[in-house]
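Enquirer: These protein sequence lines map, in sequence, to chains P and R. Start counting the first sequence at 1; every next residue gets the next number (our numbering). Start counting the second sequence at 1; every next residue gets the next number (our numbering).
If you are wondering where the hints come from, they were derived from the structure by calculation, not from laboratory data. Be aware that one or more of the hints could be misleading.
With a straight-line cut-off of 20 Å between C-alpha atoms, the simulated SDA-like cross-links for lysine to any residue are [what the hints assert, rightly or not]:
id, chain 1, residue 1, chain 2, residue 2
1, P, 3, R, 40
2, R, 3, P, 41
3, R, 3, P, 45
4, R, 18, R, 65
5, P, 3, R, 60
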Amino acid sequence: DAKTTQPNSMESNEEEPVHLPCNHSTISGTDYIHWYRQLPSQGPEYVIHGLTSNVNNRMASLAIAEDRKSSTLILHRATLRDAAVYYCILRDNNAGNMLTFGGGTRLMVKP
Amino acid sequence: DVKVTQSSRYLVKRTGEKVFLECVQDMDHENMFWYRQDPGLGLRLIYFSYDVKMKEKGDIPEGYSVSREKKERFSLILESASTNQTSMYLCASSLPGYRTDTQYFGPGTRLTVL
Numbered sequence: 001d002a003k004t005t006q007p008n009s010m011e012s013n014e015e016e017p018v019h020l021p022c023n024h025s026t027i028s029g030t031d032y033i034h035w036y037r038q039l040p041s042q043g044p045e046y047v048i049h050g051l052t053s054n055v056n057n058r059m060a061s062l063a064i065a066e067d068r069k070s071s072t073l074i075l076h077r078a079t080l081r082d083a084a085v086y087y088c089i090l091r092d093n094n095a096g097n098m099l100t101f102g103g104g105t106r107l108m109v110k111p
Numbered sequence: 001d002v003k004v005t006q007s008s009r010y011l012v013k014r015t016g017e018k019v020f021l022e023c024v025q026d027m028d029h030e031n032m033f034w035y036r037q038d039p040g041l042g043l044r045l046i047y048f049s050y051d052v053k054m055k056e057k058g059d060i061p062e063g064y065s066v067s068r069e070k071k072e073r074f075s076l077i078l079e080s081a082s083t084n085q086t087s088m089y090l091c092a093s094s095l096p097g098y099r100t101d102t103q104y105f106g107p108g109t110r111l112t113v114l
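All chains should be built: construct the whole structure from the sequences, respecting the hints.
Expert: This is the structure:
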């Protein structure tokens, strides 16, 4: 299974951009890169996903390296409500509909 | 708006009891999932279902069973609860297809087995 590596934690100041890195050097050609986040005392929620091209939505942007071995989730202006654990996940071709969550990055946002 | 609800936020049971965790989704999704979340271990898939009366084992099915009699409802059953099943249980649902579909999660049930 393709695995992801993320820093355990990161800190950011409120209203500043945040770049959350993810390494996935064993990604296969058809694996999609998904990002979810989990706010305190809540279930995970979908943030964004992509395959090769950079992606933008109302929550965040996803920048994918040309060789696809890494990606970066970008929050353009962090708010206190963005404090959460962010998970970078590869969809496993052989596992059907499973999502395999790693340890994620705990983002702390300082006022 | 998309909604996945779980029957309880907090539950306390005794060892040996039979425990039912219920999950309901209102999005007409074919796929439903049960995960457990433990510190240091992340989320682990227990069972999933891709249609009514269909089920597949996940990574850690031992000690659990599931039931899906209606499309919107997916139940997780602990036949005889044990202390090592104390955990946060999360239900999710999604449309069919596996590479791009989004999973929608419920708020979780924190189960304590004494």
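Enquirer: Is the hinted pair residue 18 of chain R and residue 65 of chain R satisfied, with a Cα-Cα distance of at most 20 Å?
Expert: holds, 11 Å
Enquirer: Quickly compare the C-alpha distance for residue 3 of chain R and residue 41 of chain P to 20 Å and report which way the hint goes.
Expert: Between residue 3 of chain R and residue 41 of chain P the Cα gap is close to 17 Å, so the pair holds against 20 Å.
Enquirer: With the threshold set at 20 Å, check whether the alpha-carbon distance from residue 3 of chain P to residue 40 of chain R stays at or below it.
Expert: holds, 16 Å
Enquirer: If you draw a straight line from the CA of residue 3 of chain P to the CA of residue 60 of chain R, is it 20 Å or shorter?
Expert: This hinted pair holds, its Cα atoms lying about 19 Å apart.
Enquirer: If you draw a straight line from the CA of residue 3 of chain R to the CA of residue 45 of chain P, is it 20 Å or shorter?
Expert: holds, 12 Å
When the structure is compared with the earlier hints, no violation turns up for any of them.
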